[in-house]
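Turn these sequences into a full structure, and let the hints steer you where they fit.
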Amino acid sequence: MAKKGQVIPLSKEQLSKKELSNKLVYSSLSDNCTQNEIAKLLKDSKIKSDNIDRFINTVKRYNSIVGPLKTSTNGFKTINSKSVNYEDIEEYITNQWYKSSNDPVDINCRLTAFSLFKDNIISKGKSEDEEKCLIFDLDAINRNPLCKFKNEEFQKFVNFYVCIPAEISESISIEDVKKNAGTIKKEWKRRKIKFINNSKASMINCFLHDKYTKTLFCGHSGLLVKSDNGFVFIEKYSFLTPYQVTKFNTKEEVKKYLLNRLDVGYGENVSKPIIMENDELM
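Letter by letter, the sequence shown follows residues 1 to 282 of UniProt numbering.
If you are wondering where the hints come from, they were derived from the structure by calculation, not from laboratory data.
Even glycine gets a Cβ: it sits at the ideal position worked out from N, Cα and C.
Certain hints may be false.
Using 30 angstroms as the maximum straight-line C-alpha spacing, the simulated DSS-like pairs for lysine-lysine come out as follows [as the list claims (entries may be wrong)]:
(1) Lys214 / Lys124
(2) Lys200 / Lys251
(3) Lys179 / Lys189
(4) Lys251 / Lys189
(5) Lys211 / Lys200
Simulated DEER-style distance windows between Cβ atoms [what the hints assert, rightly or not]:
(6) Lys124 / Leu259: 22 to 28 angstroms
(7) Asn32 / Arg261: 27 to 33 angstroms
(8) Glu91 / Phe136: 31 to 37 angstroms
(9) Lys60 / Thr213: 32 to 38 angstroms
Below is the structure:
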């Protein structure tokens, strides 16, 4: 049984389902050993080496700027919480970024997931919707040297992530989640977006329902990869907060983890978060 604060490598046996119900096993990718473990896992999952190298370089750049944090780990760490508390250190992280640059720009969750998985996405169409929902993403692409895409990759990113028009219901039920998942699939089909099958890795996109703009927007993205003992979820937690790799036994645990974080409510007549694994509702 893992103890609070215990450092465990990726290859060790995971916690039981009962233990994991109120705990989290995560890594901030602060050490070279864990970075190498995750790089190998990605390589074994048929993620392209160039994409892996870029990901590890962005992690190293981030760590060199913000330095050690109280949430930093050496290997994997078990905490008595359903999520890592970054709120207490957000001001410190922001100050570290401004020490590095008067106009800091880092890579967010969507850019992280897309950069790793872009070669498993086919996009032959073009969105007709406005790109303003991607203002921070586009700024990072333009200014961050580790976030440069070829023109066709840039067009793929925009086509994939730009907001999707959605209806607003008079009442909310589980059927609205399914309905909105259908809307996402239909729109991706219209944009000629498909996923190339990968038996070991998949892309997780969490859509939020905005009743004011009447759109579905991908509020969070990550990569889900099979491991020897279950799954690891790879994410950039948010714009200035750390990279995080979290261990789970099942996909249902991944879903609960994401809903615990994202299901905060956006007023009446909106759907719960829609979590897509590739092009299927999770």
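Each hint, compared with the structure:
no., hint, result
1, Lys214 / Lys124, "25 angstroms, holds"
2, Lys200 / Lys251, "13 angstroms, holds"
3, Lys179 / Lys189, "15 angstroms, holds"
4, Lys251 / Lys189, "25 angstroms, holds"
5, Lys211 / Lys200, "35 angstroms, violated"
6, Lys124 / Leu259: 22 to 28 angstroms, "32 angstroms, violated"
7, Asn32 / Arg261: 27 to 33 angstroms, "28 angstroms, holds"
8, Glu91 / Phe136: 31 to 37 angstroms, "19 angstroms, violated"
9, Lys60 / Thr213: 32 to 38 angstroms, "37 angstroms, holds"
When the structure is compared with the earlier hints, violations turn up for hints 5, 6, 8 and for no others.
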